[in-house]
Amino acid sequence: MALFLIVIILTTVTNFTHSSRLDLDKALDNLERAVRFSGDEATLRNAIVRIHFILDEAPQEYAVEYGPNDSFVLPKVQQKEIVESLEDRKLLNKKIEKLNQKFNKVAEFKSENHKVEEGVKIIGVGSSLDRQLNLDGDAALYVYPTGEKDAGIIILASDEELAYLALDPFTSQFKREYYKIDSEVDEEDLIDLQNDKAKEIFTEWLK
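Okay, so the sequence shown: first residue is 104 according to this note's numbering, each after it adds one.
Incorrect hints may have been included.
Distance ranges between label pairs, derived from CB positions [unchecked claim]:
(1) Arg-139 x Pro-162: 21 to 27 Å
(2) Glu-251 x Asp-292: 17 to 23 Å
(3) Arg-139 x Glu-307: 40 to 46 Å
(4) Asp-159 x Leu-309: 21 to 27 Å
If you are wondering where the hints come from, they were derived from the structure by calculation, not from laboratory data.
Beta carbons: idealized from backbone N, C-alpha and C, even for Gly.
Working from the sequences, and respecting the hints, build out all of it.
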């Protein structure tokens, strides 16, 4: 009887781990698809295309959006980390909203925003363009009609692992890496652990 119980417990743990990795891989696969689609769409439309992430939604969402033609210059948006006052925050949000209005969803990719897979969370999105890791709010990675794209990184997590997807600006190659994390902590500590590891990954990736 005891042996039977051990087998059941081990099977349950193994299945949970396997399912967690499958969910993470599915989310990464869908992000790769979005990036490839964005590259094709930018060339076809001769316009800037972006993957727009809405990180504060539950579940989180992202969409492929096209903007003005190739002569459009992306405005410089102040880094979130150096926004100190409430007034500065309001001004930053207005700039982001104004920029968002210049982009429209590519319905051929998906008529509605893609919701991130259950059990997976996007911890942060960063690029070498502004050299910051966005942990909340809106974030975007841009693709240009020339075929070039932002050198970017998307960091995701399940309860057991962190993984990142890194984008090469000049090729269609992607890089993935996985990191085991301590899941035997409470929810608040897990969030802190995920954020700290994401910042560490981003800092190393920027080098």
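Ascending list of hint numbers which this structure does not respect:
2, 3
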